[in-house]
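All chains should be modelled from the sequences, with the hints used to inform the complete structure.
The working numbering puts the last residue of the sequence shown at 683; the count rises by one with no breaks.
Just so you know, not all the hints are guaranteed correct.
As the list claims (entries may be wrong) - Beta-carbon label-pair distances, calculated as ranges:
hint, residue 1, residue 2, range
1, 318, 296, 21 to 27 angstroms
2, 172, 323, 40 to 46 angstroms
3, 240, 323, 47 to 53 angstroms
4, 546, 419, 45 to 51 angstroms
To be verified - Pairs of lysine-lysine residues, derived as BS3-like cross-links and limited to a Cα-Cα distance of at most 25 angstroms, are as follows:
hint, residue 1, residue 2
5, 339, 164
6, 531, 431
7, 274, 164
8, 120, 354
Hints listed in this document are in silico derivations from the structure and should not be mistaken for laboratory results.
Glycine residues also receive a C-beta, built at the ideal position from the N, C-alpha and C atoms.
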Amino acid sequence: MKKILLFNIPIVVLAFVAGMLFKDSPKPIPMDGLTEHASHSNVAFYTCSMHPSVKLQDPNSKCPICAMDLIPVTSGTDDLAGFPSLSLSPRAMKLAEIETAVVERKFVETEIRMVGKVAYDETRLSYITAWVPGRLDRLYVDYTGVAVNKGDHLADLYSPDLLSAQEELLQAIQTSESLKTSESNFLKSKSLANIESTKEKLRLWGLSEDQISAIEESGTSSDHITINSPISGIVVHKDALEGMYVKTGNRVYTIADLSKVWVKLDAYESDLPWLHYGQAVEFRTEAYPGQVFKGQIAFIDPILNSSTRTVKVRVNLPNPDGKLKPDMFVRATVKSRVAKGGRVMNPDLMGKWISPMHPEIVKNEPGSCDICGMDLVSAESMGYVSADHLEEEAPLVIPASAPLITGKRAVVYLSNKPGHFEGRVVELGPRAGDYYIVFDGLEEGEQIVSRGSFKIDSAVQIQAKPSMMHPDGGEGSMSHHDHSSHAQGKSNDDQIASNPPVVTMFGVPDAWTQLLKLILNDYLELQSSLSHDSIEKSQEHAASFKHQLDTMEEAVIDEDGESSWDGYVNSMNAALVRMDKAADIHNVREFFLELSNALVPMLKQFGSGLEQEILIYHCPMAFRGKGGDWVQNKSGIENPYFGSSMFSCGELKERLTLTSEKGDDLLHE
Numbered sequence: 015m016k017k018i019l020l021f022n023i024p025i026v027v028l029a030f031v032a033g034m035l036f037k038d039s040p041k042p043i044p045m046d047g048l049t050e051h052a053s054h055s056n057v058a059f060y061t062c063s064m065h066p067s068v069k070l071q072d073p074n075s076k077c078p079i080c081a082m083d084l085i086p087v088t089s090g091t092d093d094l095a096g097f098p099s100l101s102l103s104p105r106a107m108k109l110a111e112i113e114t115a116v117v118e119r120k121f122v123e124t125e126i127r128m129v130g131k132v133a134y135d136e137t138r139l140s141y142i143t144a145w146v147p148g149r150l151d152r153l154y155v156d157y158t159g160v161a162v163n164k165g166d167h168l169a170d171l172y173s174p175d176l177l178s179a180q181e182e183l184l185q186a187i188q189t190s191e192s193l194k195t196s197e198s199n200f201l202k203s204k205s206l207a208n209i210e211s212t213k214e215k216l217r218l219w220g221l222s223e224d225q226i227s228a229i230e231e232s233g234t235s236s237d238h239i240t241i242n243s244p245i246s247g248i249v250v251h252k253d254a255l256e257g258m259y260v261k262t263g264n265r266v267y268t269i270a271d272l273s274k275v276w277v278k279l280d281a282y283e284s285d286l287p288w289l290h291y292g293q294a295v296e297f298r299t300e301a302y303p304g305q306v307f308k309g310q311i312a313f314i315d316p317i318l319n320s321s322t323r324t325v326k327v328r329v330n331l332p333n334p335d336g337k338l339k340p341d342m343f344v345r346a347t348v349k350s351r352v353a354k355g356g357r358v359m360n361p362d363l364m365g366k367w368i369s370p371m372h373p374e375i376v377k378n379e380p381g382s383c384d385i386c387g388m389d390l391v392s393a394e395s396m397g398y399v400s401a402d403h404l405e406e407e408a409p410l411v412i413p414a415s416a417p418l419i420t421g422k423r424a425v426v427y428l429s430n431k432p433g434h435f436e437g438r439v440v441e442l443g444p445r446a447g448d449y450y451i452v453f454d455g456l457e458e459g460e461q462i463v464s465r466g467s468f469k470i471d472s473a474v475q476i477q478a479k480p481s482m483m484h485p486d487g488g489e490g491s492m493s494h495h496d497h498s499s500h501a502q503g504k505s506n507d508d509q510i511a512s513n514p515p516v517v518t519m520f521g522v523p524d525a526w527t528q529l530l531k532l533i534l535n536d537y538l539e540l541q542s543s544l545s546h547d548s549i550e551k552s553q554e555h556a557a558s559f560k561h562q563l564d565t566m567e568e569a570v571i572d573e574d575g576e577s578s579w580d581g582y583v584n585s586m587n588a589a590l591v592r593m594d595k596a597a598d599i600h601n602v603r604e605f606f607l608e609l610s611n612a613l614v615p616m617l618k619q620f621g622s623g624l625e626q627e628i629l630i631y632h633c634p635m636a637f638r639g640k641g642g643d644w645v646q647n648k649s650g651i652e653n654p655y656f657g658s659s660m661f662s663c664g665e666l667k668e669r670l671t672l673t674s675e676k677g678d679d680l681l682h683e
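Right under this line is the structure:
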């Protein structure tokens, strides 16, 4: 019962809304006194209240779909026009809570929210490597996370090659000293060149000028070299162990300067039009609630991540206090004022010049970047609006609540005169906050419905006019219980007839097949009695059905089908017992549904020997919209759930051919 009540809530709401919308619209004429009333009014056609696509001229006709009486519809612009339009009185508009807005051009602001992580600034990473082969005799930094300053000792490296180079330098210095008294300028210059060549070799092997000078002054060589830190920062990786032999290029430490960091954010595809190089970004972290960090977009990845469907956006961020740690989660916000063509309006960058590598470098005139020396580029070339054409760059926008969007189509309802609403298909651009940008279909100054569009569209759809979901109107609006095959040239019967026959899985002995035929005949008589509203005959056939079922002994069938067979028989027996005790035909029909739900799968599984074709019909309106199936052996709908009130309501669901083609080999006797 709770399920039924819950299912009926949307129906009650839709009926209430439709009633409010149509209360002041042209009303259908009551059936009482129809002829007399029609003579005083202009009746255009007669339609079905359940199927508005039906339009007939004969007032005595029945609906060809559900067999209900038709109601007249008077002629009028709103009722007969081929356009998706509707007229409402002021009171109906108030009840439907209709609000309108003007299509206008303006810069609208959108807020893009992203999440990401703090990362190292790759330009501020220093890799300490061995410039000469040797052995690490001492590591001054023996764990990661240690803060070091520029020039601090990191490691002592023993290297015979380095010792040989130092001896070579000392020998070159001695040779130069001995040639001071020589009169040969050639030998003197050659000696000095040899000294510089040896010094350069030591520099390439990692010795500083101070270390080389110390060797010259002391006149002694050493087989060890001390490796010093080239920058201040944090040791984030330690790749070697004390006593390890290393080759040229082997990494020993990685040092990161965290005074500036990167923040890598994930931007969705839909947000990309509003993200541009140089935009200001605000960040918040869990570690420092209430504190806002600010940076600028320095890079937008040109490649989309196919797994996450996002694009990486990199932001450069100063971190003088070291509060931001690598891999810390952040929540970022970018506020963007939207212009035409996916451009952005930023008053701070209008007419300015910006560095293509360092967005913090902005100047009023062309020049070069103070950091990298690259030429500055205009802000307009980065996707920003030019100050010279500011008014022309404002986009045409409508409220986000105005359009009804279904896949590729978007429909808005215009209200160019009070109380009259007309639908129009428009082409929308991306959404910007509380607005949609309009590419085509609307003009500046037009009045549109900003609230209540769905209610108007529902009312239009009920009248079988073109609407959001069904641009062609007519039967398309009736897909809720689709009987439209009657009016579409090719019937549902023809479509299902092209399906291949269904072959049952299990066979039964011939004796049981004969009893199955008797059971099926009793069922068909029972179905026919219910479709003609006869409770007496239906209960008679139910009793016969029960008798035939009781006479059947347990069939000897495959073990896989035994439990199914017992389940079907028990379900049918229970339904037939309740049917015999039913007080009215409504209850009989409810138990007939239970009977049908057991009979259909039983025939599919065990009816191979019947060698006949049966038709399975479905009524989507039975039992308050839950629907119900039944079986017939002839074409033509005879609805057992509604009887004469809706005798032809239903559709052919399946054409089942019962054959023993694959069932005999499963029989065990």
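Cross-check of the supplied hints:
Checked against the given bound of 21 to 27 angstroms, the beta carbons of residue 318 and residue 296, roughly 25 angstroms apart, stay inside it. One distance hint, 40 to 46 angstroms for the beta-carbon pair residue 172 and residue 323, is violated here, with the actual separation near 54 angstroms. A beta carbon spacing of about 51 angstroms between residue 240 and residue 323 agrees with the range 47 to 53 angstroms that was offered as a hint. In this structure the hint that residue 546 and residue 419 lie 45 to 51 angstroms apart at CB holds, the actual value being about 48 angstroms.
Taken as a hint, the residue 339 and residue 164 pair is honoured in the structure, with Cα atoms around 21 angstroms apart against an allowance of 25 angstroms. At most 25 angstroms may separate the alpha-carbon atoms for a hinted pair to count; residue 531 and residue 431 exceed this at roughly 68 angstroms. Proximity of residue 274 to residue 164 is assessed by CA-CA distance (about 17 angstroms); at most 25 angstroms being required, the pair is judged to hold. A C-alpha spacing of about 10 angstroms is found between residue 120 and residue 354, which places the hinted pair at or below 25 angstroms, so the restraint holds.
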